[in-house]
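For the sequence shown, position 113 matches number 112 in numbering that gives the first Met the number 0, and the numbering has no gaps at all.
Treat the hints loosely; a few may be bogus.
Quick list of simulated restraints, FRET-style, between CB atoms [unchecked claim]: (1) 161 <-> 0: 47 to 53 Å; (2) 25 <-> 106: 25 to 31 Å; (3) 58 <-> 158: 35 to 41 Å; (4) 195 <-> 35: 28 to 34 Å.
Pairs of lysine to aspartate or glutamate, EDC-like flavour, derived with a Cα cap of 16 Å [stated by the list, open to error]: (5) 223 <-> 91; (6) 155 <-> 203; (7) 92 <-> 133; (8) 155 <-> 190; (9) 178 <-> 190; (10) 92 <-> 106; (11) 145 <-> 106; (12) 223 <-> 28; (13) 223 <-> 203; (14) 155 <-> 91; (15) 145 <-> 91; (16) 62 <-> 106; (17) 145 <-> 198; (18) 178 <-> 125; (19) 145 <-> 220; (20) 26 <-> 195.
Please keep in mind that the hints were generated in silico from the structure rather than gathered at the bench. Given the structure is predicted, the values throughout are model-derived calculations rather than measurements. From the three backbone atoms N, C-alpha and C, an ideal C-beta is built for every residue, glycine too.
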Amino acid sequence: MPLPTVIVPGYLESAITYRQLEQSLQKLDFPTVTVPLRRRDWLPTIGGRPVTPILQQLDLTIKHTLEQHNATQINLIGHSAGGWISRIYMGEKPYLGRGNVKPSLWEGHSLIATLITLGTPHISQERWTRSNLDFVTNNYPGAFYKNVNYVCVAGKTIFGQRRRGSWLAYSSYQLTCGKGNTWGDGITPIEAAHLEGAENLVIEGVRHSPRSPGIWYGSAEPLKAWVQYLI
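Produce the complete structure using the sequences and hints provided.
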């Protein structure tokens with residue numbers, strides 16, 4: 000039997016947005032659940048504040064899933080910010096976060112067989128998110144835990160330029176990796192979505208979010224490129 004799978008939503012996203020991806024994975028015999036976040040659950044994290052409330056819900060979801068399926072490990076799929084939040088969860092260093100008074104510690108790497116990140120910005124130049132991402136990069140660089148299979152999926156869809164139709168991509172890429180004239184999924188540039196030592200994939204034509212027009216990482220065709228890495 001395939002391992003149960005947990006989906007971690009992207010920043011400011013709710014679980015319902017990932018229902019179609021959930022169903023697609025279930026049809027492939029992967030018992031799948033999304034961390035039951037609502038959009039308002041993200042409000043305490045705005046402005047670069049700690050993502051501890053999200054980590055707490057992730058921990059509860061993983062523990063419940065393991066118990067429900069009598070399993071010792073799961074697959075974890077992190078979309079966008081959900082990818083680097085998953086890397087904090089796996090870590091063994093106390094996570095304080097800006098403005099926190101009490102550190103939290105999750106040490107979840109032994110529970111994760113495979114981590115797949117979809118359009119995750121693993122680096123950032125943006126001042127609000129940089130404190131969290133620097134914490135991850137400094138403490139758990141690259142595919143840090145050798146017992147975890149890391150698969151990082153990037154999109155090659157929009158080349159960032161200072162002109163109509165690609166200005167948002169240009170600005171987002173520049174805030175993320177310091178360079179606007181590069182390829183990405185419209186929000187995350189390829190070079191930020193990959194990790195050293197991971198299985199790094201590039202899928203052409205996918206957009207960043209399930210809310211984007213057209214296809215995204217979880218649509219039927221792109222799904223075929225990365226679902227094979229689930230255990």
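For each hint, the structure was consulted:
{"no.": "1", "hint": "161 <-> 0: 47 to 53 Å", "result": "51 Å, holds"}
{"no.": "2", "hint": "25 <-> 106: 25 to 31 Å", "result": "29 Å, holds"}
{"no.": "3", "hint": "58 <-> 158: 35 to 41 Å", "result": "39 Å, holds"}
{"no.": "4", "hint": "195 <-> 35: 28 to 34 Å", "result": "33 Å, holds"}
{"no.": "5", "hint": "223 <-> 91", "result": "33 Å, violated"}
{"no.": "6", "hint": "155 <-> 203", "result": "5 Å, holds"}
{"no.": "7", "hint": "92 <-> 133", "result": "13 Å, holds"}
{"no.": "8", "hint": "155 <-> 190", "result": "11 Å, holds"}
{"no.": "9", "hint": "178 <-> 190", "result": "10 Å, holds"}
{"no.": "10", "hint": "92 <-> 106", "result": "8 Å, holds"}
{"no.": "11", "hint": "145 <-> 106", "result": "14 Å, holds"}
{"no.": "12", "hint": "223 <-> 28", "result": "14 Å, holds"}
{"no.": "13", "hint": "223 <-> 203", "result": "13 Å, holds"}
{"no.": "14", "hint": "155 <-> 91", "result": "33 Å, violated"}
{"no.": "15", "hint": "145 <-> 91", "result": "14 Å, holds"}
{"no.": "16", "hint": "62 <-> 106", "result": "13 Å, holds"}
{"no.": "17", "hint": "145 <-> 198", "result": "13 Å, holds"}
{"no.": "18", "hint": "178 <-> 125", "result": "12 Å, holds"}
{"no.": "19", "hint": "145 <-> 220", "result": "29 Å, violated"}
{"no.": "20", "hint": "26 <-> 195", "result": "32 Å, violated"}
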